[in-house]
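As given, the protein sequences belong to chains S and Y, one line each in that order.
According to our numbering, the first sequence is numbered sequentially starting from 205.
According to our numbering, the second sequence is numbered sequentially starting from 205.
Don't read these hints as lab results, they were simulated from the structure.
Any given hint could be a false lead.
Chain S residues, not near chain Y, derived (Cβ > 10 Å throughout) [as the list claims (entries may be wrong)]: (1) G328; (2) A489; (3) G499.
DEER-style ranges, computed between Cβ atoms [to be verified]: (4) Y:R368 <-> S:T374: 32 to 38 Å; (5) S:L504 <-> Y:A337: 52 to 58 Å; (6) S:R334 <-> Y:D379: 17 to 23 Å; (7) Y:R479 <-> S:G322: 52 to 58 Å; (8) S:G375 <-> Y:P320: 26 to 32 Å.
Backbone N, C-alpha and C fix where the C-beta goes; we use that ideal spot for every residue, glycine too.
There are 2 protein chains.
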Amino acid sequence: MRESEVIERLRRIATAPEARGLLDDVAVLDGYVVTHDSIAEGVHFLPSDPPASVGWKLVAVNLSDLAAKGAEPAGALLALTLSGPSEWALGFLGGIEAACESYGLPLLGGDTISLPIGAPRVLGMTVIGRAKAEVPHRSGGKTGDSLWLVGTVGDAAAGLALLRAESKSTGPLVDIYRRPVPQLVAGRGLAPHAHAMMDVSDGLLLDARRLAQASKSGATIELDALPLSSAFVAERGQDLAARLFAATGGDDYALLAALPAELDPETLSLPKDTRITRIGSLSGAGPSLCLTCRGEPVELPEKLGFEHEGNFPCGLSTSPMADRP
Amino acid sequence: MRESEVIERLRRIATAPEARGLLDDVAVLDGYVVTHDSIAEGVHFLPSDPPASVGWKLVAVNLSDLAAKGAEPAGALLALTLSGPSEWALGFLGGIEAACESYGLPLLGGDTISLPIGAPRVLGMTVIGRAKAEVPHRSGGKTGDSLWLVGTVGDAAAGLALLRAESKSTGPLVDIYRRPVPQLVAGRGLAPHAHAMMDVSDGLLLDARRLAQASKSGATIELDALPLSSAFVAERGQDLAARLFAATGGDDYALLAALPAELDPETLSLPKDTRITRIGSLSGAGPSLCLTCRGEPVELPEKLGFEHEGNFPCGLSTSPMADRP
Numbered sequence: 205m206r207e208s209e210v211i212e213r214l215r216r217i218a219t220a221p222e223a224r225g226l227l228d229d230v231a232v233l234d235g236y237v238v239t240h241d242s243i244a245e246g247v248h249f250l251p252s253d254p255p256a257s258v259g260w261k262l263v264a265v266n267l268s269d270l271a272a273k274g275a276e277p278a279g280a281l282l283a284l285t286l287s288g289p290s291e292w293a294l295g296f297l298g299g300i301e302a303a304c305e306s307y308g309l310p311l312l313g314g315d316t317i318s319l320p321i322g323a324p325r326v327l328g329m330t331v332i333g334r335a336k337a338e339v340p341h342r343s344g345g346k347t348g349d350s351l352w353l354v355g356t357v358g359d360a361a362a363g364l365a366l367l368r369a370e371s372k373s374t375g376p377l378v379d380i381y382r383r384p385v386p387q388l389v390a391g392r393g394l395a396p397h398a399h400a401m402m403d404v405s406d407g408l409l410l411d412a413r414r415l416a417q418a419s420k421s422g423a424t425i426e427l428d429a430l431p432l433s434s435a436f437v438a439e440r441g442q443d444l445a446a447r448l449f450a451a452t453g454g455d456d457y458a459l460l461a462a463l464p465a466e467l468d469p470e471t472l473s474l475p476k477d478t479r480i481t482r483i484g485s486l487s488g489a490g491p492s493l494c495l496t497c498r499g500e501p502v503e504l505p506e507k508l509g510f511e512h513e514g515n516f517p518c519g520l521s522t523s524p525m526a527d528r529p
Numbered sequence: 205m206r207e208s209e210v211i212e213r214l215r216r217i218a219t220a221p222e223a224r225g226l227l228d229d230v231a232v233l234d235g236y237v238v239t240h241d242s243i244a245e246g247v248h249f250l251p252s253d254p255p256a257s258v259g260w261k262l263v264a265v266n267l268s269d270l271a272a273k274g275a276e277p278a279g280a281l282l283a284l285t286l287s288g289p290s291e292w293a294l295g296f297l298g299g300i301e302a303a304c305e306s307y308g309l310p311l312l313g314g315d316t317i318s319l320p321i322g323a324p325r326v327l328g329m330t331v332i333g334r335a336k337a338e339v340p341h342r343s344g345g346k347t348g349d350s351l352w353l354v355g356t357v358g359d360a361a362a363g364l365a366l367l368r369a370e371s372k373s374t375g376p377l378v379d380i381y382r383r384p385v386p387q388l389v390a391g392r393g394l395a396p397h398a399h400a401m402m403d404v405s406d407g408l409l410l411d412a413r414r415l416a417q418a419s420k421s422g423a424t425i426e427l428d429a430l431p432l433s434s435a436f437v438a439e440r441g442q443d444l445a446a447r448l449f450a451a452t453g454g455d456d457y458a459l460l461a462a463l464p465a466e467l468d469p470e471t472l473s474l475p476k477d478t479r480i481t482r483i484g485s486l487s488g489a490g491p492s493l494c495l496t497c498r499g500e501p502v503e504l505p506e507k508l509g510f511e512h513e514g515n516f517p518c519g520l521s522t523s524p525m526a527d528r529p
C-alpha cells in the first residue's frame with residue numbers, strides 16, 4: 205500500500221473549499237463543522253478493552269475535533285458493526301450513551317451492518333457541530349504567535365504502556381487512555397482568538413509540525429514547559445526522556461492553539477479549572493520544528509508521532525496502537 | 205447476537221426529534237438531511253467486484269436515501285480502510301469520484317484507517333443533503349393513498365444471480381447491480397406531494413410493509429403492475445415467480461411514494477424519462493401487507509427481503525449479499 209498515492213488521489217477529488225484542502229481536522233459546510241473518525245479492533249483498541257470505554261472513546265475523539273474548531277455538538281451518526289455476542293455491542297452502546305449525555309451530543313442515526321464471522325470490529329462516527337463565527341484552521345498561524353496547550357500530554361501513552369505490560373492494570377493513566385476528555389468549553393473560549401488550532405491526537409511533536417507546516421511557519425517547542433500530570437510524573441518522571449515520551453505518545457486530545465503573542469489566555473473566559481500552558485512559539489523561518497529544553501536545543505526524535513495513516517481528511521485523530529513503541 | 209436488543213438499546217439512546225425515532229432513512233437536522241451507510245467486503249460486495257463499482261455503489265446507496273427525502277446533495281465524508289495493494293483503493297476512489305461528479309456531490313472529508321492484515325474491508329460514507337421545505341417521512345402514508353414506484357425492481361437481484369452463477373458475467377443486469385442510479389431529480393419532484401416516501405433497498409415487499417407499518421396502515425401491492433425492465437423480462441420472464449423474485453430481491457434503489465389518490469404524477473415536473481408506476485394502495489385496516497395478481501390474492505412469500513440487519517437508523521439501505529437466496 206503506497207498510502208501517499210491514495211491521499212494524493214483523495215486530494216484531487218476533494219476540491220470544494222469546504223474540504224479545506226483535506227488539511228484540517230474537519231470540513232466546514234454552511235456554518236456546520238463535520239468530522240468522521242473510525243476505529244478498528246486490534247488497531248485502535250484492544251479486543252480486551254472494556255466495550256463501554258471503546259464507545260466512550262469513539263465519541264470523545266470525534267468531539268475533540270469539534271473542540272479544536274470551537275464548535276458546539278449538534279448531532280452524531282454511528283456506524284456500528286455487529287459481530288459476536290450482543291453483550292459487547294450493548295456494553296459499547298453504554299459507553300456511547302454516557303459520552304453523548306456528558307457532552308450534550310444527540311445521537312441522530314447511522315447504520316448497523318453485519319461482518320463476516322471473525323472479522324475485527326470497525327466502528328465509525330460522524331459528528332456535526334454548530335460553528336461559532338470564525339472556525340480556526342490549522343493553517344492560520346503567524347510569525348511570533350505563542351503556542352498554547354490545553355490539557356496535559358503523555359498520560360494516555362503512559363496508560364497504554366501500563367496495559368501492554370499488564371492487561372489488568374488500573375489507575376488514572378489507564379482511565380485517561382480509555383476515557384479521554386474533549387476540551388469543548390476551552391475550545392469555544394479560544395476559537396475566536398486563535399490564529400490556528402487543532403487537537404493533539406497523533407503526538408504533540410507531529411501535530412505541532414503539521415500546524416507549523418500548514419501555517420508556512422516553523423514551530424519551537426520548549427520541552428521543559430510541557431504540562432505533565434502528577435500521575436504521569438509519578439509513573440515516568442519528568443526528565444528529558446519522559447518529556448520526549450509525552451510529546452510523541454499521542455492519544456492526548458489536548459488542544460494546540462497559536463495565539464497572538466500579546467494575548468494572555470488568563471483574560472479569556474475559559475473554565476476555571478482549564479490547564480493552559482505556553483509551550484513554544486511560531487517563527488517565520490527555519491525548519492518546521494525545533495525543540496529546546498531549558499533554552500538548549502534538543503535533537504528531534506526519530507518518530508514524532510503516528511504518521512503512517514493518512515491525515516486525509518478531517519481529523520484522523522485516532523492513532524493506532526499497533527505501531528506504538 | 206440478539207440484534208433486536210441492540211436496536212432497542214439504540215432507540216433508547218436516540219431520543220432527539222431529529223432522529224425520527226430511528227424509523228426513517230435519514231435524520232433531519234436544521235433543514236439538512238444526514239445519512240450514513242457502510243458496506244463490508246464479503247457481506248455487501250464480493251472481493252471480486254471491480255473496486256470502482258464498489259465506490260460508485262457506496263455513493264449511490266447513500267444518495268438514494270437523499271432522493272427519498274427530496275434533498276439536494278451538499279457534501280460527503282468518506283470512511284476508508286486501507287489494506288492490501290493500493291490499486292484496490294485507487295480503483296475504489298475512481299468510482300467514488302465518478303459518482304460524486306455525476307450527482308454533484310462534493311467530497312468534503314472523512315478519514316483513512318489501517319486494518320489488521322487480512323481483515324475484510326469496511327467502507328462507510330456519510331452524506332449531507334439540503335432539504336426542501338417538507339421532508340417526507342416513512343410514516344405519513346394515509347388511508348386511500350396510491351403507492352407509486354419510481355424505477356424498476358428486480359434488475360439488481362437478477363444481475364447478482366448471474367454473477368453468482370458465473371463471476372465473469374456482464375450485461376445490463378450486472379451493470380445495474382453494480383452501478384445503481386439514485387433517483388434524485390424524481391425524488392425532489394415528488395417530495396412536496398408525497399405523504400410518505402422511502403427508497404427500496406431491502407426488497408420492495410419488505411420496504412412497503414415498513415412504510416405501511418410506520419404509517420399505521422395496510423399496503424396492497426399489485427404484483428401484475430410491477431415495473432420490470434426488458435432485460436429483466438428477457439432473463440427471468442414475467443410470471444408470478446419472476447414478479448415475486450423482483451419484489452423481494454432488493455438493491456433496487458427505486459423510490460416508493462404514498463401519494464394522494466387524486467394526484468396524477470404525470471402532472472408533476474418529473475424528468476421526461478422518469479418511469480413511475482402505480483403499484484398499489486394503502487388501506488386503513490387489515491394486515492400490513494397484502495399481495496394481488498390480476499385481482500386475485502397471492503400468498504406472502506416466506507421472505508420479503510433482507511430483514512435481519514437493524515433498520516436502525518437512517519437507512520440501512522445496503523442489503524447483504526451473504527444471505528440472499
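> Looking at the structure, which of the earlier hints fail to hold?
Replying inline: Numbers 1, 4, 6 and 7, in rising order.
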